[in-house]
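Take a look at the letters that make up each chain.
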Amino acid sequence: MADEVYAIPNVQTPNAPVIIDSAICTGCNTCVKICPLDVFIPNPKQGESPIVLHPEECWYCGCCVMDCPAPGAIKLNYPLQLKPRWRTKATGKFHFLR
Amino acid sequence: MATWHEYLKAEGRPPKWPYPIRYGEEKEVETDVLVLGGGIAGCWAAISAARAGVRVAIMEKADIQRSGAGGPGCVHWCNVPKNPHSRVDPDEWAIREMEALGDYSNGIAIQIECRENYDTLLEMEQMGGKIRDTDDEFIGVEGRQDDTKFMICPRFSANNSIVAHKDWQKPGFNPPETRNNTVLHVWGSTFKPALKKECERLGVEMYERFMATCILNENGKPGGRAVGATGINTRTGEFLIIKAKAVILCTGGPSDMLWMMDTEHGGLSFSSRNNSSAGIDLAWRAGATLTMMEGSAPTTDGAGLGHKWYTGGGDACYENVPLVDANNKVLPAPTQGWADGGALFPANRDVVKRIREGIESGEYQLPIYGDFAGMKKEEANATWNLTLSEESTTKVMVKTMNECGFDISKDQIMNYTYMEFQGSEQFRNVRGSGVLVDWDLKSTLDGLFVAGTSMFFACDHTAHGLCASTGRYAGRKAAAYVKNIEAREPCREQIDKEKERVLAPVKRDSGIEWKELHFALNRVMQYYVGGYRSEHLFDLALEEIRQIEEYAVPQLYALDPHKLMRSLEDLSLIEHAKIAIQAMKERRLTARELNVQRLDYPDSDPEELKYYLLLRQEDGETKFERLPIRFWGNMKEEYEKHNPDYTGVYKPEN
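If you read the protein sequences in the order shown, they are chains A and B. Letter 53 of the first sequence, counting from 1, is numbered 53 in the numbering used here, and no numbers are missing. Letter 502 of the second sequence, counting from 1, is numbered 502 in the numbering used here, and no numbers are missing.
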């Protein structure tokens with residue numbers, strides 16, 4: 001349960017186009033620098049992971065992942081309605097991107 | 001922690017704007033050639049001008065490393081008829097390509113592309129871009145050339161049109177010995193970083209995160225020589241004035257955002273939100289002549305309201321992947337593979353009709369799948385790890401799917417094309433609109449050059465090669481121009497007026513924000529400028545826009561420089577819409593060639609179709625002119641006349 005409940009507008013959809021693993025992210029802000037849409041801003045606390053400020057402007061180009069110097073720190077989190085579906089040909093088993 | 005809300009919860013307050021706010025502050029610089037837009041065309045323009053020995057600056061609204069439509073990557077390098085494996089004459093191919101695109105193509109750009117695209121690619125390789133299979137990943141793949149390690153792309157391999165070849169289903173069709181070999185696969189994700197590095201090496205001044213807002217005219221009046229431009233920093237709001245002897249417009253093509261907006265739905269359009277109508281607006285307000293402004297087309301796969309596999313458009317089966325139904329029955333749909341002549345699927349209406357009828361009769365069971373598992377191993381590998389990996393925004397999608405267990409040797413990706421039906425008349429893409437250019441890629445405005453998709457009809461489907469080669473060409477023409485001309489001081493009155501216009505939204509903190517304005521414009525286009533058109537509907541559209549400008553634009557507010565950028569983009573879109581509607585109104589005909597169907601003029605007019613409709617602004621009035629189609633003359637002769645000193649591939653030691 002939340003300790004503090006703020007009165008805030010609805011969150012943007014999608015809200016988290018990327019997932020940053022703060023254990024791997026070095027806070028170097030390469031993604032902040034290169035993102036063409038300025039989806040990120042640097043964290044006010046130096047060395048911490050960037051903050052996603054404009055999630056709904058992300059066009060999932062993946063440049064942040066491609067240019068990140070700490071592999072695995074950023075993952076694209078495609079919007080739920082846009083995730084690919086596939087099946088295994090031999091068994092027909094249905095898969096939905098996680 | 002990554003999202004804004006998580007930060008708020010942890011800190012108890014939202015983050016402060018992380019950059020210094022500099023509204024009203026000015027920076028003034030001077031250069032010889034100013035390039036507006038640092039995508040593939042803009043970088044090439046800058047590099048080529050700098051190599052010619054003049055001072056160059058680029059103004060770019062993102063970071064040049066990954067900005068523009070080609071920032072994340074590109075894979076098809078079309079129209080490279082001078083590559084060593086080509087079987088066609090470059091000049092003949094240019095004519096065929098121009099004709100394949102219909103009467104309203106751009107023969108100048110295509111001729112430049114066909115003559116210089118291969119040299120451009122070799123220079124790309126000099127800079128560190130990957131254009132061959134140097135790692136031997138794709139040995140044995142059809143189209144790979146073992147001597148040069150070039151990967152010939154099947155696209156357009158039997159004809160030079162996006163429509164399937166008439167013989168595509170005949171056995172033995174498109175054998176290796178008759179292919180034209182004019183399209184190469186490239187590893188485009190390596191290109192933009194390499195281009196930026198070369199700009200740095202050459203001392204090109206890069207003003208990144210500055211959005212161009214206005215081309216400055218000599219004497220401050222539209223129609224006067226281009227003598228610089230203004231820009232606004234998208235993070236600080238600082239106002240930039242760059243004086244220049246020549247300006248090259250490379251801001252990219254107008255997008256589908258007139259009819260749709262690309263936020264919150266995970267990618268409605270082909271391009272990112274950054275691709276607005278800035279180029280059209282900049283050129284128009286400066287007094288340059290535009291053409292094809294009436295051009296649009298219903299959305300097709302890759303854009304619109306349908307699902308797509310990646311946000312740049314298309315789906316996973318766009319390349320060489322055969323489609324099968326739920327029972328693994330192969331669909332009679334052309335792929336872009338060799339066996340089908342490299343057609344663009346599913347452009348063929350007869351094929352679509354046949355499959356739809358099959359679905360309705362029960363012959364084919366939905367859903368449809370792209371049958372990676374049914375492909376030859378080498379071909380599936382090349383499709384997944386080259387073609388689909390390098391195509392724009394796909395590299396990380398491929399990576400993500402691999403991490404989630406997708407296996408090209410066992411799996412099939414769901415394809416939505418036949419669930420979603422075809423493009424909607426109401427949701428459209430701009431088509432062919434741009435700035436009129438001559439054989440120097442100069443606009444009608446002295447001092448203003450244009451390259452890439454800012455030009456009229458810069459459409460060869462995948463325009464990256466066209467952008468690169470015309471950027472490179474415009475750069476050398478602009479460099480030659482500035483060597484023989486004096487700088488002129490911009491007009492302070494024009495600068496002050498522009499500064500006031502640009503900063504107006506930040507002076508308000510309530511009213512109407514950019515998204516609402518954008519959606520309102522989209523509605524105008526969807527209601528009055530969709531599938532049904534008439535003079536009365538156009539007049540209503542213009543009247544509604546007039547009211548939006550009178551009522552809503554004075555309320556437009558921007559809480560920070562980023563939102564200011566988006567607000568200014570939307571003002572450009574409004575300007576674009578007005579120009580386009582005026583052009584549509586002026587074309588009193590129904591014409592398949594222009595994708596125009598008018599209720600009040602149901603007949604075509606063959607005479608009228610022989611002309612481009614030109615528009616420009618003069619003393620606040622729109623002036624129309626007409627220019628015959630194929631005004632560029634004999635493409636080979638004109639190219640040679642304008643380029644007697646062309647020196648070919650750059651020699652780095654120079």
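These are calculated hints, taken from the structure and not from any lab test. Note that this is a predicted model, so its numbers are computed, not measured. Treat the hints with caution; some may be incorrect.
Computed list of chain B residues with no C-beta within reach of chain A, every gap over 10 angstroms [stated by the list, open to error]: (1) Asp63; (2) Val88; (3) Asn180; (4) Val330; (5) His642.
Dumping the calculated DMTMM-like pairs for lysine to aspartate or glutamate here, alpha-carbon to alpha-carbon at most 20 angstroms [claimed, not checked]: (6) A:Lys89 - B:Asp89; (7) B:Lys16 - A:Asp67; (8) B:Lys641 - B:Asp438; (9) A:Lys33 - B:Glu640; (10) B:Lys130 - A:Asp21; (11) B:Lys410 - B:Glu425; (12) B:Lys9 - A:Asp67; (13) B:Lys399 - A:Asp21; (14) A:Lys89 - B:Asp407; (15) A:Lys93 - A:Asp67; (16) B:Lys578 - B:Asp603; (17) A:Lys45 - B:Glu6; (18) B:Lys563 - A:Glu48; (19) B:Lys9 - A:Glu4; (20) A:Lys83 - B:Asp407; (21) B:Lys515 - A:Glu4; (22) B:Lys578 - B:Asp605; (23) B:Lys399 - A:Asp3.
Examples of chain A residues lying across from chain B (beta carbon under 8 angstroms, computed) [unchecked claim]: (24) Val18; (25) Ile19; (26) Ile24; (27) Thr26; (28) Cys28; (29) Ile51.
Cβ atoms here follow ideal geometry from the backbone N, Cα and C, with glycine treated the same way.
To see whether the hints hold, each was checked on the structure:
1. Not every beta carbon of chain A lies more than 10 angstroms from that of Asp63 (chain B), the smallest distance being close to 5 angstroms; the non-interface claim is violated.
2. Against the 10 angstroms criterion, Val88 (chain B) stays outside the reach of chain A, whose nearest CB is about 34 angstroms from its own CB.
3. With 10 angstroms as the threshold on Cβ separation, the claim that Asn180 (chain B) sits away from chain A holds: the shortest Cβ distance comes to roughly 32 angstroms.
4. The Cβ of Val330 (chain B) sits about 13 angstroms from the closest Cβ of chain A, beyond the 10 angstroms cut-off, so the non-interface label holds.
5. The claim that His642 (chain B) is not at the interface with chain A holds, since no C-beta of that chain comes within 10 angstroms of its own (minimum 34 angstroms).
6. Of the supplied pair hints, the one linking Lys89 (chain A) and Asp89 (chain B) is violated, its CA atoms being roughly 44 angstroms apart against a limit of 20 angstroms.
7. Taking the CA atoms of Lys16 (chain B) and Asp67 (chain A), the gap is near 26 angstroms; set against the 20 angstroms cutoff, the hint is violated.
8. For the hint linking Lys641 (chain B) to Asp438 (chain B), the alpha-carbon distance of about 13 angstroms falls within 20 angstroms, and the restraint holds.
9. For the hint linking Lys33 (chain A) to Glu640 (chain B), the alpha-carbon distance of about 43 angstroms lies beyond 20 angstroms, and the restraint is violated.
10. Distance check on the hinted pair: Lys130 (chain B) and Asp21 (chain A) sit about 31 angstroms apart at the alpha-carbon level, beyond 20 angstroms; violated.
11. Annotation: proposed proximity of Lys410 (chain B) to Glu425 (chain B) is violated, straight-line Cα distance about 38 angstroms (limit 20 angstroms).
12. Taking the CA atoms of Lys9 (chain B) and Asp67 (chain A), the gap is near 29 angstroms; set against the 20 angstroms cutoff, the hint is violated.
13. The suggested pairing of Lys399 (chain B) with Asp21 (chain A) holds, with an alpha-carbon distance near 17 angstroms, which does not exceed 20 angstroms.
14. Restraint check: the Cα-Cα separation between Lys89 (chain A) and Asp407 (chain B) comes to about 10 angstroms, which is no more than 20 angstroms; the hinted pair holds.
15. For the hint pairing Lys93 (chain A) with Asp67 (chain A), the CA-to-CA distance comes to about 34 angstroms; that exceeds 20 angstroms, so the pair is violated.
16. Proposed proximity of Lys578 (chain B) and Asp603 (chain B) is contradicted: the alpha carbons are some 25 angstroms apart, above 20 angstroms.
17. Note on Lys45 (chain A) and Glu6 (chain B): the hinted pairing holds, with a Cα-Cα distance of about 14 angstroms set against a maximum of 20 angstroms.
18. At most 20 angstroms may separate the alpha-carbon atoms for a hinted pair to count; Lys563 (chain B) and Glu48 (chain A) exceed this at roughly 25 angstroms.
19. Simply put, Lys9 (chain B) and Glu4 (chain A) have alpha-carbon atoms about 8 angstroms apart, close enough for the 20 angstroms limit, and the pair holds.
20. Note on Lys83 (chain A) and Asp407 (chain B): the hinted pairing holds, with a Cα-Cα distance of about 16 angstroms set against a maximum of 20 angstroms.
21. Straight-line distance between C-alpha atoms of Lys515 (chain B) and Glu4 (chain A) comes to about 31 angstroms, which puts the hinted pair past the 20 angstroms bound.
22. Straight-line distance between C-alpha atoms of Lys578 (chain B) and Asp605 (chain B) comes to about 24 angstroms, which puts the hinted pair past the 20 angstroms bound.
23. Distance restraint check for Lys399 (chain B) and Asp3 (chain A): the Cα-Cα separation of roughly 38 angstroms exceeds the 20 angstroms cut-off, and the hinted pair is therefore not satisfied.
24. Taking 8 angstroms as the C-beta contact cut-off toward chain B, the hint placing Val18 (chain A) at the interface holds, the least distance being around 7 angstroms.
25. At its closest, the beta carbon of Ile19 (chain A) sits 7 angstroms from a beta carbon of chain B; the interface hint therefore holds under the 8 angstroms criterion.
26. Given hint, Ile24 (chain A) at the interface with chain B, is violated; its Cβ is 12 angstroms from that chain's nearest Cβ, farther than 8 angstroms.
27. Annotation: Thr26 (chain A) was flagged as interfacial toward chain B, and the flag is violated, the nearest CB pair being 14 angstroms apart, outside 8 angstroms.
28. At about 14 angstroms, the closest approach between the beta carbon of Cys28 (chain A) and any beta carbon in chain B exceeds 8 angstroms, and the interface hint on this residue is violated.
29. Taken as an interface hint, Ile51 (chain A) checks out: its beta carbon lies about 5 angstroms from the nearest beta carbon of chain B, inside 8 angstroms.
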